Amino acid sequence: MALSRFNWRSRAESVVIPLAALMVALVLFGIFCMFGGKNPFAVYAAIFKTAFGSWNAFQGTLLRAAPLMLTALCTALPARLGLMVIGNEGALVLGGLGAAAVGLILSYGSITPNPAQLQTTLGLAPTVVQIGMALGGIIAGGIWIAIVGALRHYRAVNETISSLLMNYIAIALLNHLVEGSWKDPASLNKPSTFPIPELYRLGNIGSTRIHYGLIYGLVACAIAYFLIQHTTFGFAARTAGGNVKAARIAGLPVGQLTIIICFLAGSSAGLAGMVEVAAVQGQANASIVAGYGYAGILVAFIARYNALAAAIVAILLGGIINSGGALQRSFGMPDATVLVFQGLVFLVVLYSESLYGRFKIFKEPEIPLAPPPATSSAVPV
Amino acid sequence: MAAALGWWGVPLGILAGTLRGSAPFLFVSLGECLTEKSGKINLGLEGTLLTGAMSAYAISYLASDKWGIPATVSPWLGVLAAGVAGMILGFIHAWLSQQPKVNDIAVGIAMIIFGSGIAFYFGKAFIQPKAPQLPTIDLGNWSAMPALQSALKISPLFIFGVLLAPLMAWFFKSTRWGLFVRAVGDSPDAALAMGVSIKRVRMLCIIAGSFLAGIGGACLSLYYPGLWSESISSGQGLMAVALVIFARWNPIQCLWASLFFGGAQAIGPALQSVGVDQGRYLFNAMPYILTLLIMIITCSPKKTLSGAPGALGTING
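Read top to bottom, the protein sequences are chains F and G.
Per the numbering used here, the first sequence starts with residue 1, numbered consecutively.
Per the numbering used here, the second sequence starts with residue 1001, numbered consecutively.
None of these hints come from the bench; they were simulated from the model.
From a predicted model like this one, the values you see are computed outputs, not experimental measurements.
There could be a bad hint or two in this list.
Below, a list of computed lysine-lysine pairs in the DSS-like style, where the Cα atoms sit at most 25 Å apart [stated by the list, open to error]:
1. G:Lys1101 - F:Lys360
2. G:Lys1101 - F:Lys245
3. F:Lys363 - G:Lys1101
4. F:Lys190 - G:Lys1124
5. G:Lys1124 - F:Lys38
6. G:Lys1066 - G:Lys1124
7. F:Lys245 - G:Lys1302
8. F:Lys49 - F:Lys38
9. G:Lys1173 - G:Lys1199
10. G:Lys1153 - G:Lys1130
11. G:Lys1199 - G:Lys1101
12. G:Lys1130 - G:Lys1066
Counterexamples of contact, computed for chain F against chain G with all Cβ distances above 12 Å [said to hold, decoys possible]:
13. Ala45
14. Thr127
15. Gly234
16. Arg329
All C-beta atoms in this analysis are idealised placements derived from N, C-alpha and C, irrespective of residue type, glycine included.
Excised from the complex, chain G in its bound form:
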């Protein structure tokens, strides 16, 4: 695509990659934002993302090829299945991480292993077949350049995610339930005094967050890169967790951070498309290095981060 454009292909490739690749970051980070606002960490969203990607792809394929459901509907069933699969994993995490003396970070590590195990186990059969993909919205029809046209093919899920970010910010700020979530996350004692069930709020937040992370997986397998393989995620779920710290637990900033990460991820492939092949592994490792650098810059040993939920990281907070 970019070869004909010469070096102009690089910024265009990064733009296209940003629009395509940021959707999983966005969904996982919003899900993690909701989870962490309630005072628990879910590191296992990497496993949720993989399971979501596998379920979405499998259901989209099975629905259209085996169950005779039209190929326009089946990907949406896949998206739903991804969300439901995420909710199941979320339930396990929520239940286990609220047992006495059980550390939520450790549960997250276990859920990464378990989630990826489940995804690879059931996904083995779906590596070969082609599943119907989600439709795209073409925003580039005004342009005569085919490269720009294909860069501006945007997933409706991405638009949904972009709209979800301000919606979630409004939810935290202005609704009664948002207040409950913040109370449970910031000061469980205050929440108890308000008569809010800490366990139930956290359970709901973790399950809803995992639902979103599952949908993030559907973005991977049904939109971009639009296939199912065992290396499809390689740490994006984890980066999204780190990204929430960078975004200071603010849904709107999660959106900007996700776009930034989607762009960073696109640098390697964009450079490869114009023939820069030297050090491609290092370029592809860019998002990880960037995440680490951002964490080094934004964290501080002197004070807790502004915006951090008060009960975060305390056992049974």
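Here chain F stands alone, though its shape is the one from the complex:
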């Protein structure tokens, strides 16, 4: 069989099975709602309407999809190396802190500007400050997850547990800084860093209410897809992910690959933190810990670690998160409903992993071989 032939059947399988899993999760969620005394069809209708029902609703969905695309890469990229990194939330927080620090330094010359410094900005062009903030987020988040990769490679520390622990450490660091040395004295109710000047924040695309973070997300997913699927670097990473021993024997620098991939993973989530700071909150505070990191893990799983698929799944899941508020308002369901739904989707998608290769319809038809020569003396064994 020619290797280059486009095997649409297995492609179809990897689209149909996750979609079917989503449907099953929806049905299970409907049953869950029924036990709560809600009409499941009314709940579905409300989810659809608030997520995709109108252009205005869809804009809200895309706004939530933007950080999800970026945080999903934090799990999807290392997964290609066989690593299960779930430090998305921590890298997002670090990225937010990095972006806020760089943004404030480029705006006022100091992270904690005094009243005199606050009067005037340094007068840099908005693009310069925005690029600076993006780099701040990318580098801070990247180093955070690169540490996870280095610990994995040099000390064999389980990357799942270490990255999850580092989430808690990152959040503690955020609280420590915004309530301590980086605090804006004017932020009383919600301790925050000083705000980034309006001029330097990420604006909206055209006349929509969607900020440029969506473009960042789409571009990052496209780059990640190209890197993994169409470069020698990506090929090396996939080889190491398939069989580490074989990769070592082939002379691939597994340690470098691990650390670079982890850096890229963390920098994507860090960029999501930058978007949260520079476009949504305008400053770093506890609000950037909004669960995008954990939802990003789910996006990566449903997309089967494919970066392009992650962009699409992020929009789907962004819609579900977007509808959480409506479920709360119209049905009186707690905000944790979205978490239950995410958990259900996650479990069903994991179960669906065991279904690959079980359905005949997705198998390439066997090329018929020449029938064996007829033998006259067929002896039963």
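Given chain F, work out where chain G should sit, using these hints.
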């Protein structure tokens, strides 16, 4: 409490915090120890811990306030409910993680999300009400110092956990069933040759382990801190999983490690009680940092850890 004692309040606060705060670590780590001995990892015990805490609190409150059961009995019903809730989550994990091609770590992550979702969903109604708490055993009556007396109020669950650790060690070492568990975890082929059903042993171990983790949740909501809120656990279940590696899959060492972690967790609040407020978030992050450091020190890329079950981390081992 500690303010009157000055700086002496710090070690006393840490002692009190160790005795109070180590119980959830102990139950979750023993549960995870049992699970991992059978060759599977259950990362989802964080979700189990939360669900256990919520169920225990909810049932304790409902039983005493709505069903007219005396407040001395209702917390124990809560403990039972926490265990049962844990078993249900454990069943889901056990069933799913033994499907072909399904990774047990991924299932664990899903169970963290699902378990915390369930806990927050049903727990919303129980954040306000006060549920009857478990009774305590006062070991400090000999002392005239009220601070010491309150530090030595120990939960019967904690004592149960302390007794469970050597019991579990004995179970692994000297019983027929313990041998089965170790065989399934160390060498599934050998277990098969012995005629042991790998699936069934793992199913039972994961369910029993989750039962213990659920009880660990009851320690949180019905003893210390003795309330239900969405931030009640914040990673203790996860730390307990890491702690099992540190304890080399040995139940007795799980006990020492849990006491150590309970103490580490108490450093922040103890310092705050004497007025050290600088860097309290960093002090409160101490247990996470400590867990990470311990993992860095104890893990090694050169060899597998001594005491690690052989089939651990291999898909469908």
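Going through the hints against the structure:
1. G:Lys1101 - F:Lys360: Satisfied, since the Cα-Cα distance of roughly 18 Å is no more than 25 Å.
2. G:Lys1101 - F:Lys245: holds, 21 Å
3. F:Lys363 - G:Lys1101: Between lysine 363 (chain F) and lysine 1101 (chain G) the Cα gap is close to 18 Å, so the pair holds against 25 Å.
4. F:Lys190 - G:Lys1124: holds, 23 Å
5. G:Lys1124 - F:Lys38: This hinted pair holds, its Cα atoms lying about 17 Å apart.
6. G:Lys1066 - G:Lys1124: Between lysine 1066 (chain G) and lysine 1124 (chain G) the Cα gap is close to 17 Å, so the pair holds against 25 Å.
7. F:Lys245 - G:Lys1302: holds, 14 Å
8. F:Lys49 - F:Lys38: holds, 17 Å
9. G:Lys1173 - G:Lys1199: holds, 21 Å
10. G:Lys1153 - G:Lys1130: holds, 20 Å
11. G:Lys1199 - G:Lys1101: The given pair, whose Cα atoms are some 15 Å apart, holds under the 25 Å limit.
12. G:Lys1130 - G:Lys1066: holds, 13 Å
13. Ala45: Holds, because the least Cβ-Cβ distance between alanine 45 (chain F) and chain G comes to about 21 Å, which exceeds 12 Å.
14. Thr127: holds, 35 Å
15. Gly234: holds, 22 Å
16. Arg329: Per Cβ check, arginine 329 (chain F) is outside 12 Å of chain G; nearest 15 Å; holds.
Every hint from the earlier list agrees with this structure, and none is contradicted.
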